[in-house]
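Engineer: For the record, the sequence lines run as chains B and Z.
Each number in our numbering corresponds to the 1-based position in the first sequence with 109 added.
Each number in our numbering corresponds to the 1-based position in the second sequence with 1 added.
The reader is advised that the hints may include incorrect statements.
Listed next, the stretches of chain Z that the computed footprint assigns to chain B, with coverage defined by at least 3 CB atoms under 8 Å from CB atoms of chain B [said to hold, decoys possible]: (1) 120-126; (2) 177-187; (3) 202-208; (4) 220-227; (5) 233-244; (6) 345-356.
Residues of chain B placed beyond 12 Å of chain Z at every Cβ, according to the derived structure [stated by the list, open to error]: (7) Thr172; (8) Ile178; (9) Asp245; (10) Tyr261; (11) Ala269; (12) Phe273; (13) Leu322; (14) Phe384; (15) Ile391; (16) Leu406.
Examples of chain B residues toward chain Z, derived with CB under 8 Å [what the hints assert, rightly or not]: (17) Gly123; (18) Thr127; (19) Thr173; (20) Gly229; (21) Tyr326; (22) Ala336; (23) Gly379; (24) Ser382; (25) Ser386; (26) Pro389; (27) Asn403.
It is worth saying that the hints were derived from the structure and are not from the lab.
C-beta atoms are modelled at their ideal positions from N, C-alpha and C, and glycine is treated no differently.
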Amino acid sequence: MRQRFGDVMTMLEGILLTIVTAATPLLFAAIGELVAERSGVLNLGVEGMMAVGAVCGFAAASTTGNPLIGVLAAIIAGMLAASLFGIVALFFVANQNATGVALTLFGLGLSGLIGDSFVGTPGIPIPKVDIPVFSDLPVVGRLIFGEDPFVYAAVVLAIATWWFLFKTRGGLIVRAVGDNAASAHALGFSVLRTRFLAVLFGGACAGLGGAYLSLVYTPQWTQAMTAGRGWIALALVVFASWLPGRLVAGALLFGAVSILQLHAQAIGIGIPSQFLSMLPYIVTVIALVVISRNRALLSVNTPACLGRPFVADT
Amino acid sequence: MRRYIVALGAAAMAAGMISGAQAADKVKACFVYTGPHNDGGWSQQHDMARLAVEKHFEGKVETAYVENVAEGPDAERAIERLARSGCNVIFTTSFGFMDPTLKVAKKFPDVKFEHDAGYKMADNVSIYNLRWYEGRYVQGQIAAKMSKTGVAGYIVSFPIPEVVMGIDAFMLGAQSVNPDFKIKVVWANTWFDPGKEADAAKALIDQGADIIVQHTDSPAAMQIAEERGLHAFGQSADMSKFGPKAHLASLIDNWTPYYIERVQAVLDGTWKSTDTWEGLKAGLVVLGPLTNMPDDVKAMAEDSMDKIKSGELVVFKGPITKQDGSVGIADGAVADDKTLLGLNWYVKGIDDKLPQ
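With the hints as extra help, turn the sequences into a complete structure.
Structural biologist: What follows is the structure in structure tokens.
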């Protein structure tokens, strides 16, 4: 009996750990997009920026043997990809939707080209945090004290983003630009500069999310390994009604259901696997729709100028 | 414009002349891939065989390929472009290229077509595929010998006969060693998503599986097995690099012998439309390298492979009982290819419910 209890606890710990890691790349990409959208820019290129980040991170880490350089390369690559979008969509006022989709296609293609010689080579492992005693605590030990460094970074990033957006002057400017670009402009804030920086931040975060996939989650590079996670991140931002706290909840929920459906299959509960594969999407949509029923809150948090280009009439 | 048409006509004529019934001095062999040529799995194995063909017939055979071709109507354009560009033989390497291949083949009767994994033939369309299940059976035997928990975790893509055949063959092999062996099955509903494949491997391991076998394309599950100190089998290509301590044996697609034989036939002018379904014996399916296992397990695996090659051991030979207890294959009977290609039931002992 005791033995069985121990087994269940070990399994529970395994499940919780896997859920957190499954949520992490989504959280990275989504938090960056959240800031970009708060500034009024809809960048549909998240998937492409993730792919570029994933391949550059992997390439830099395996060439130099230093994962930290890989992470930096991924961030820079994500920002470079984002700057392309920013220049075309903001300064040349091209259609944001079209430019974003183009960035996704471009990023996926470019990543295949860059990664050509890295296919089939395993990456270098990144050590997990290990604090004596604490990491060995039952169930919560590894969950709280034994994750890989990226997981902590994602949590810190989410909190920092919340603090920045709602507690600082800079965040207020970002939100003002997203809500009413004309007024912000009239007050003397540079709309385009603010938006460009927000887009760059989005690129950096997407690159980081991609690097998490190619360096930690599955240390390898293959084309299209992001497998649609950029699109899920985009959806999470909308369903989280542009609030970082809800975004964390949404990412965890999505991660939880996608992991639990695999466990349900392995146990053999006899529900069609196709239906179980749909569950993460259905559950996340339903949950976030339910918590978004507060119309007042929603209208306050939706960036009113989202996706609308801004041209200063000087 | 007119010059263009004339040039096209000349090219078509030239192509027709080369690929007639007589022997040819030079052959252009072309390939259509569904993924990138370096996807680390399915398409890459085809591309490696293409390069081997080029090397084997140095100077006499020119090759070309088109990659990332979506299955469906788009494929028709890609195949037709190759046919027009003077290819003498075109290998279309994915199930979804079946109808497009036949359509283009009709328009270009002098070009030879080879379609992988389909079932429709024509005078100038051959079909070819591999008997992976022979290797799966041996994998099952190895798994049953190596597992401490007596449970293997099986990550699969879609419930099509080829995949079901693999699960059944694996279980039959495992049961031949340990009649009580268990398999836990997880359907990823994708051929390629490293993250999801890794998640599936973690879930299976957390539920007690200590051997992972996969019918999906990425080496992610192998890496998880390595991380957890367990064992796994590779898929499509040799994945031992991804799990130096975890890797047992990869089920490798080796198209090279087939491609060389077929291109030779085109060179000789002896090419005929054929239906090829070969496995270990022809060397098209390779199970290897056998790593991280004691010598007796290795010897058993090699012995089984020899017996399959010689025909002494037939994987789908009765008596085989279905999951529900009814007769699958009668005592002494051997399942014919038609039965296998439509296989839609589990053998007894598999816990999963097959999605219909």
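Engineer: Could you run down the list of hints and mark each one as holding or not?
Structural biologist: Evaluation of the provided hints:
{"no.": "1", "hint": "120-126", "verdict": "violated (count 0)"}
{"no.": "2", "hint": "177-187", "verdict": "holds (count 3)"}
{"no.": "3", "hint": "202-208", "verdict": "holds (count 6)"}
{"no.": "4", "hint": "220-227", "verdict": "holds (count 3)"}
{"no.": "5", "hint": "233-244", "verdict": "holds (count 3)"}
{"no.": "6", "hint": "345-356", "verdict": "holds (count 4)"}
{"no.": "7", "hint": "Thr172", "verdict": "holds (17 Å)"}
{"no.": "8", "hint": "Ile178", "verdict": "holds (21 Å)"}
{"no.": "9", "hint": "Asp245", "verdict": "holds (17 Å)"}
{"no.": "10", "hint": "Tyr261", "verdict": "holds (19 Å)"}
{"no.": "11", "hint": "Ala269", "verdict": "holds (25 Å)"}
{"no.": "12", "hint": "Phe273", "verdict": "holds (29 Å)"}
{"no.": "13", "hint": "Leu322", "verdict": "violated (6 Å)"}
{"no.": "14", "hint": "Phe384", "verdict": "violated (9 Å)"}
{"no.": "15", "hint": "Ile391", "verdict": "holds (14 Å)"}
{"no.": "16", "hint": "Leu406", "verdict": "holds (33 Å)"}
{"no.": "17", "hint": "Gly123", "verdict": "holds (4 Å)"}
{"no.": "18", "hint": "Thr127", "verdict": "holds (5 Å)"}
{"no.": "19", "hint": "Thr173", "verdict": "violated (20 Å)"}
{"no.": "20", "hint": "Gly229", "verdict": "holds (5 Å)"}
{"no.": "21", "hint": "Tyr326", "verdict": "holds (6 Å)"}
{"no.": "22", "hint": "Ala336", "verdict": "holds (4 Å)"}
{"no.": "23", "hint": "Gly379", "verdict": "holds (5 Å)"}
{"no.": "24", "hint": "Ser382", "verdict": "holds (4 Å)"}
{"no.": "25", "hint": "Ser386", "verdict": "holds (4 Å)"}
{"no.": "26", "hint": "Pro389", "verdict": "violated (10 Å)"}
{"no.": "27", "hint": "Asn403", "verdict": "violated (33 Å)"}
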